[in-house]
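Please work from the sequences and hints to get the whole structure.
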Amino acid sequence: MEEKKNIILSVKDLVVKFKVRDRVLTAIRNISLDFEEGKVVAIVGESGSGKSVFTKTFTGMLETNGEVTQGEIWFEGENLMTFKKDEEWMKIRGKKIATVFQDPMTSLNPVRTIGYQISEVIIKHQGKSKEEAKQEAIKLMERVGIYDAERRYDEYPFMYSGGMRQRIVIAIALACRPKILICDEPTTALDVTIQAQIIHLIKELSQEYGFTTIYITHDLGVVANVADVVAVMYAGQIIEYGTVEEVFYDPRHPYTWGLLSSLPQLGEKGHELFAIPGTPPSLFEEIKGDAFAPRSEYAMRIDFEEEPPIFKVSDTHYAKTWLLDPRAPKVEKPVTIQNLHEKMVAITAKGGIYGERE
Amino acid sequence: MANENKEVLLSVQHLEVSFYNNKKRFRAVKNACFDIYKGETFALVGESGSGKTTIGRSIIRLNPTSDGDILYKGKKINGKISKEEQRDLVRNIQMIFQDPAASLNERATIDYCISEGLYNFHLYKDEADREAKVDRALESVGLLPEHKSRYPHEFSGGQRQRVGIARAMIMEPEFIIADEPISALDVSIRAQVLNLMNKFKEERGLTYMFIAHDLSVVRYFSDRIAVIHKGRIVEIAPTDILFRFPLHPYTHSLLQAVPIPDPKVEKSKELVIYDESKRDLSGEKPVLQEIRPGHFVFANDREMKEYEAKLQEWEKAGK
Amino acid sequence: MTADNRFEFVKMDETASEHIAAPRYSYWRSVFRKFFSSKVVILMLVIALAITLFSFIQPLFSKFDPTVAQDILDRSKRFLPPSLEYPFGTDHVGTNMFDAVWASCGNSLSIALIATAITTVLGVIVGAFWGFSKKLDKIMIEVYNVVANIPFTLVVMVLMYVIGRGKWQLIFALSCTSWLSTAYFIRVQVMIIRDREYNLASKCLGTKTSTIISHNIMPYLISIIVTSIARDIPNFISYEVFLSFIGVGLDYREPSLGRMVQDYVGYMQTPSAAHLFWIPVCLCALISISLYIVGQALADASDPRTHMI
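Protein chains in written order, with my numbering: chain A, 519 to 876; chain B, 46 to 364; chain C, 2 to 310.
It is worth saying that the hints were derived from the structure and are not from the lab. Each hint should be verified, as a subset may be incorrect.
With the Cβ distance kept under 7 Å, some of the chain B side facing chain A (calculated, not the full set) [what the hints assert, rightly or not]:
{"id": "1", "residue": "93"}
{"id": "2", "residue": "201"}
{"id": "3", "residue": "204"}
{"id": "4", "residue": "236"}
{"id": "5", "residue": "237"}
{"id": "6", "residue": "239"}
{"id": "7", "residue": "261"}
{"id": "8", "residue": "265"}
{"id": "9", "residue": "298"}
{"id": "10", "residue": "305"}
{"id": "11", "residue": "308"}
For clarity, every value in this text was computed on a predicted model and none was experimentally measured. Here a beta-carbon is modelled for each residue, glycine too, at the ideal position from N, C-alpha and C.
Okay, here's the thing in C-alpha cells:
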C-alpha cells in the first residue's frame, strides 16, 4: 500500500474524549485514515459528527477539556501524539499543517494591518528581510485575488469584507508553505457567490503550491466541486470513504444514501422530500452496534448488536455497514438517487443556467 | 398567469427602510414592491446584507419602516396602529427564526416556550386545555410530551427548530414569515423541517414568505421568487420561469454560484462573477417592470429591449 | 449452519431517536453542585455564616450597650488579657470586649446588608427599564453622568453632615446614590441581551415588555446580580468602618466595627493591649473576605455556562 500511494498523514485508531459536566463524551471513535499527498480530501458530516475535532488533533488544538485517549497520527516520520509541549506543536502548527477556519476574524488580529500580519509570518518562517517580506506579501495578496494590493497592504481587517478577510487568512496560511491545508468550513459564513470564488481559489492554489487539502464541510455541493476523495463521518466514525465519483454515484452506506436522497435538488414540487428521520445519537451514551441503525430503514438485527467492520468495495472505496456482509440481503440504493448524474444534468440543463450546461 | 383572480394576502408597496448610524443614513430596503397571494409560498432570495431579513422584520413590525405601505388583507399594518389591530396581527402573522440556538429562551422549559403565545392571549380554557394544546403541538412536529420539562440546550438543532415551529403554529396563524429556517441546520435535518412546513401548509392552508439564500431549496419549496440585491428587488417570477428565463445578471450569477451536488457537473462548471461596476449602466434610471405576465425585472428601457430579445430567443429555442 | 437471523431487517421506530437519555437538567441543582464543588468556598461559607449568626445572636444575650460602662470604677477589670471569662479581654473602662465586638459586628453587618438590599432592588428594577426604554435612557444617562463624576465618599460625607449621624442616616447616605451604578451596570447587560433573537421571538408572540424583562432577561442576569451583591456587601462594610473611623459615621450610642477601630487605634503599638485594635480589624477583614469569596463563587455557579464543563 505504502509503495503505491504517497501517504502524507496517517491516522491510526484514534479516540478522542471530552469531559463535559462530569460526563465523558466520546467524540472520535476509533478512526483510522490515510491521507494521500496532493489530493483534496473532503470530510463530510453534520455538526457533532466529530469532523472538526478530528482535524484539530492534527495540530494539537483540541479544547482544554478534550483529550486523545488512544491512537497515533504519523506525519513526516513522527507520531504527533507523543508531543507533550506546545513548542513541539509549534514546528507543525501553522508551519506544516495550516488551518483556515470558518470565521476569518478568529485568525486575524484586529489591531494590526493586513500587510503586517502577512509579512510577519513570512519573516518568521522564510527568514526574509522586512523589505523582501513586504514584496512577497503583496505578491501573495495579489495571488489570492486582492486588487490594488499595494494600497490595501496598510489597511486593517475591519476594512475588508468577509470574503476578502478569508482570502487574507488563506494568504497567511500559504506564507509558511504548508504541506497540508485544513479548511474547516471556510465558506459557510460567506455568500454563495463569494463561496464559489473562494473554493475556486483554494483549488487553484493547491495545484500551484502542491499542498494536500483537507476540506471540512456539510455541503454536498461543495464536496462535489472540490473533492478528489470523500470521507463521510457519522457519530465520530468514518462510515464511508471513496473517490468523489464512487461516493456520489455508487454509495453503499445507508447514511450516505439518506444524505444524497434528501438533497433538495432531487425534490419534486408537491411531493415530500426524502428525510432521514430522528436525531443523531448522543455521544455521551455508549453506542452499541451501528450508530445510524435507529434512523435507518435498512437496519438489521445485527446492527443493534455488533459494530460493523469496514468492508472493502474497491481499492479506493470502503464502507462500514453490515449491508455489505455476504450474509446480508441484497439491497439496491434508493430509487431517488439512482441515475443521480442524469437527474442533476436534467435540472441544471433546464434554461441552460442553473449550472451552465450545454 | 392566473394571478389576477387570486386573493392578495399581503401587499408591499414602495417600501423603504433606513437605518441611521451617527446620522449617516443607510437604505436597507429601496422601493420594494410585491404582492403575496393567499396560499402560496413566496421566496425572497438574496445574500447577507441584501435587506431580505429587514423586509421580513418590517412586516412583523420588528423594524420600523421609513416610507411606503405594507397592507395585510388591504389594511395598512406599518406605522402607527391601534392595540386591537396589533393583537390581531400577532395572532395572524407569525415568524420562524433562523438560528434555533438563539431564538429560544434558554432559561425557560420547552413547555413555557411553546405556551408563551397562549399565555399572552389566554387562548385556553383551563390548565388542562393548555397542556393538551402543547402536547398536540409537540406531537405535530414529531416531538414527545416528555420533552416539555426539558430546556432548549438539551435538544439538537433540528429538534429546537421544530420547537420554534410548534411555538408559531400553536397561534394558528394565516401567514408565516420563515427567515432562513433551515440554513443553520444540518443537511440531514433540513428535509425534515421542509416537509414539516409543507405539511402545515397543506393542513391549514397557510401562506409562507420564505426568506433564503439557497436557490436549490427555494426551487423545491416556493411558488414564486423575488431576488433581492443590495436592498433592491431585481427580479420577481414564478419559480420555474425564474429558473428557465433568468433575466437580470445578478439572478444569473446567483443561479450560477449554487454548487450542484454532482461531481461531474460541478467540476466542469466555470466561474462567473457578478460585478455591478462592470455592467453597462447607461441610459435612464431602471425600475421594476413587468416583461411577461407575472415576470418582473429591474431594468430601464434599453435593458428591457435586451431582455426581450433574450426571452424571445429562449422561447424560440423551445425551452 | 442455519440462515443467520441477525441479518433480517428490523422495523424502524421513528420516535426512538427523539428520546433524550441525559439526566434532566435543573438550573438550581447545577448551581448548588457547582457551588459546593470547592472546599475553600465551603470553608468560607462556614466562616461567613458563623460570624453572621453569632453577631446577630450573641448580642441578644449580652444586651451590650455602649453607653453603659458598669465596671468603669473597678480598676481590677481594666485592660485584662483574654481569658475564659473575657475571651477578648477588657478595655480601659472595663468593657467586656467579647460582647462589644459581636454587637459591633452585628450592627455593621446589618448596615451593609440593608444598604445592599436597597441598592440591589432599586438598581435592578430601574436598570431593567432603563435598558429597555430609549426615552428613559436619555434622562438617566445625564443623571448618571453627573452623579458618577462626584466621588462617592464625598457624597456620603456631605449627606452625613447634612442629615446627622446615626444608623439609618448612614444607610440612607450609603444607598442614596449607589443604586445608580448598579442600575447602570444592569442597563448595559439588558441592552446586550435585549435584541437577541429569542426576545424578538417573544415580541412576535405578543409578549409584553414587562414579561420579557421578568421571564427572558432577569433569569440571565442572576449571576450578574449576585456578582454585584458580592461586591457591595464588603464594600459597604468598609465604608461604614471608614466613615465611623473618620468620625462621620455612627455616633457613640451605636456599637460598630468602625467605632471600635477608631476607639482603639491608639493601642495598636501597645503590646499588652494591641488585641483591642486587632480583633475588630481582623474580624472586619475576615467577614469581608469570606463574604466576597462566597459571593463570587455563587456568581460563578449561577452562570449556566459553568454548568457545562
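Structure-based check of all given hints:
no.: 1; hint: 93; in the structure: holds, 6 Å
no.: 2; hint: 201; in the structure: holds, 5 Å
no.: 3; hint: 204; in the structure: holds, 6 Å
no.: 4; hint: 236; in the structure: holds, 4 Å
no.: 5; hint: 237; in the structure: holds, 4 Å
no.: 6; hint: 239; in the structure: holds, 6 Å
no.: 7; hint: 261; in the structure: holds, 5 Å
no.: 8; hint: 265; in the structure: holds, 4 Å
no.: 9; hint: 298; in the structure: holds, 6 Å
no.: 10; hint: 305; in the structure: holds, 5 Å
no.: 11; hint: 308; in the structure: holds, 5 Å
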